[in-house]
Amino acid sequence: MTNCEEFISQLANKYGRKRESLLAIIHEVINQYYYLSEESMTAIARELNMPAAEVYGTATFYTFFDTKPQGKYVIRVCQTIVCDMKRKEDIVDAIYELLRIKPGETTSDGKFSLYYTNCLGMCHEGPAMLINDEQYAKLTPESVKDILVNYMKK
Amino acid sequence: MPTSTVKRTDLIFKKDIDYSAVMHKIMKMGKDEFIEELIDSGLRGRGGAGFPTGLKWKLVKAEQSPEKYIICNADEGEPGTFKDREILDNAAEKVIWGMTLAAYITGAKEGFIYIRAEYKYMQTKLRIAIDRMEQNIKALGIKFKLDLVFGAGAYICGEETALIHSMEGYRGEPTNKPPFPVTQGYLNKPTVVNNVETFVNAIIIAEIGAKEYKKLGTKASQGTKLFSVSGDCCKEGIFELEMGMTVQQFVDEFGDGDTKAVQVGGASGFCVPRKEFPNTIIGFEGVPTGGSMKVFNSSRSMYNTLENYLIFFEEESCGQCTPCRIGTQQLLMGIHAVKRKEKPKSYLDELLKLAQTMKFASKCGLGRSVGNAFGSIVTNFREEIIY
Ligand SMILES: Cc1cc2nc3c(=O)[nH]c(=O)nc-3n(C[C@H](O)[C@H](O)[C@H](O)COP(=O)(O)O)c2cc1C
Ligand code: SF4
Ligand code: FES
Chain A
192 MTNCEEFISQ LANKYGRKRE SLLAIIHEVI NQYYYLSEES MTAIARELNM PAAEVYGTAT
252 FYTFFDTKPQ GKYVIRVCQT IVCDMKRKED IVDAIYELLR IKPGETTSDG KFSLYYTNCL
312 GMCHEGPAML INDEQYAKLT PESVKDILVN YMKK
Chain B
253 MPTSTVKRTD LIFKKDIDYS AVMHKIMKMG KDEFIEELID SGLRGRGGAG FPTGLKWKLV
313 KAEQSPEKYI ICNADEGEPG TFKDREILDN AAEKVIWGMT LAAYITGAKE GFIYIRAEYK
373 YMQTKLRIAI DRMEQNIKAL GIKFKLDLVF GAGAYICGEE TALIHSMEGY RGEPTNKPPF
433 PVTQGYLNKP TVVNNVETFV NAIIIAEIGA KEYKKLGTKA SQGTKLFSVS GDCCKEGIFE
493 LEMGMTVQQF VDEFGDGDTK AVQVGGASGF CVPRKEFPNT IIGFEGVPTG GSMKVFNSSR
553 SMYNTLENYL IFFEEESCGQ CTPCRIGTQQ LLMGIHAVKR KEKPKSYLDE LLKLAQTMKF
613 ASKCGLGRSV GNAFGSIVTN FREEIIY
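As they're listed, the protein sequences go chains A and B. Going by the numbering used here, the first residue of the first sequence is number 192, and it counts up by one from there. Going by the numbering used here, the first residue of the second sequence is number 253, and it counts up by one from there.
Mixed in with the good hints, there may be bad ones.
[Unchecked claim] Covered stretches of chain A, as calculated for chain B (at least 3 residues, CB under 8 Å):
id : stretch
1  : 192-199
2  : 225-231
3  : 268-282
4  : 287-301
5  : 326-339
[Said to hold, decoys possible] Keeping only pairs whose Cα atoms sit at most 25 Å apart, straight-line, the calculated SDA-like set for lysine to any residue is:
id : chain 1 : residue 1 : chain 2 : residue 2
6  : A       : 329       : B       : 319
7  : B       : 377       : A       : 215
8  : A       : 205       : B       : 284
[What the hints assert, rightly or not] Here are some chain B residues the structure puts well away from chain A; computed CB gaps all over 12 Å:
id : residue
9  : 267
10 : 268
11 : 328
12 : 335
13 : 425
14 : 435
15 : 439
16 : 483
17 : 558
18 : 571
No lab work stands behind these hints, which were simulated from the structure alone. Don't be surprised by glycine CBs; every beta carbon is placed ideally from N, CA and C.
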């Protein structure tokens, strides 16, 4: 077994080999590998005894499940109306100045990916963004750079 | 400054209540008696659709099934809504007590909090809250196991049938109702799906009784409600208010003095223009809301607002049924075309008809509610959409 297969087999032990475990398993795979590779999907399908096409079909429904390689840190800037009113584009511009990526792109060192996302439930403190699981609010072009510089050091 | 006319309440976040004692009281009272109390309280679901909560619990209780489930809908994705996050962040134990109460009443042994991936930062905190509560629940002699389930970035998973499919490990696509979750829910078993805030209200009613609870709000919209207030405001944030105020009262309290429109109920809700503030009631008798109140001042373009909503719907439509999948795209392309003068002004009337068709031809509430914002913005701000 490859490392990845071994990892997925352990996840199946932990969550149970049933369809209801699928999303929880995918979440953990993405935490570990940043995306869902073909190898992972085949291994999940085998462990849960379902067609790989079904794993793919389910995973691709959800925006947070990427089937293409992603940066270690995925930045998602809220594009919905309140953050839009609070100038989310200044945040995206500041990210571009520092990392040279636009929404939909990944840095060449594979460290950061940037996306737009929909309302993060932080509207009253917008503009807001996520970096992986962490929420950041009340962003300014300066604060977003400070935050990212800290991630660059990690 | 005019004096405040909105009625503040403070029940949702009130601390230091002995819920074990409240549960003991209800256990003495009897299950059917509490259901009657809940029905009498007038509590309607706080997730947007407003189904009577007492009736929902009664239906699940009546089902003869050894397996039943309680699901807390914490998918909160409606633009401008952030009250469930605040509740889970600050009063998770109340939600769990509300779910425990539902489990006791309906006979469910297992429950889940389905929470959007955007709120994963709370994971550790919530697991601790669940672990801590296990002891309390056991001490009452109630068998109820609780777990967390995470979504993965799909607004449609807030729709209850989509949410259930997602929990079962499938694509979050809604199905036609009936069957309703109360008879065929999670794993085809009878299931209570309620919003985070609904569970908190249920345990509050258990605590203070229907009679006290009914003193708050209006006949059609009883009790207290959390409002998520954002946009061009003198104060933004979460406010617990009695329902039944007019938009004017709301704007006097929260506006910045130059309010031209309020979007009530998020992207799926209605846009109320200034001239209608005084005679529009916020509640089930007027404009209903899951709590989202977005305030726009006269510097804002309502074209931009509408475009933003349509992009949202176009992205979040699950794509399963044609009226919604194609309709959202056509509406978005349509307003672009009118703006660029590629289509005449009258094309907006064609688009309004399309939005109307989507209202009855779409499979679920997403497609059916696109016309709310579209119709109210295009009708009230036609000039802004065209020029
Ligand atoms: C597109 C769509 C999204 C929804 N999103 C949510 C949501 O995020 N949270 C929620 O509680 N209800 C949401 N609902 C309503 C649920 O389907 C369901 O009515 C609700 O969870 C029932 O709980 P309640 O009666 O306590 O409100 C949504 C409905 C639709 C059509
Ligand atoms: S109305 Fe839209 S979101 Fe609902 S089932 Fe149809 S395509 Fe999916
Ligand atoms: S609109 Fe950006 S967090 Fe809600």
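Quiz item: What hint numbers does the structure not satisfy?
Solution: Hints 1, 2, 4, 5, 6, 8, 11, 12, 13, 15, 16, 17, 18 not satisfied by this model.
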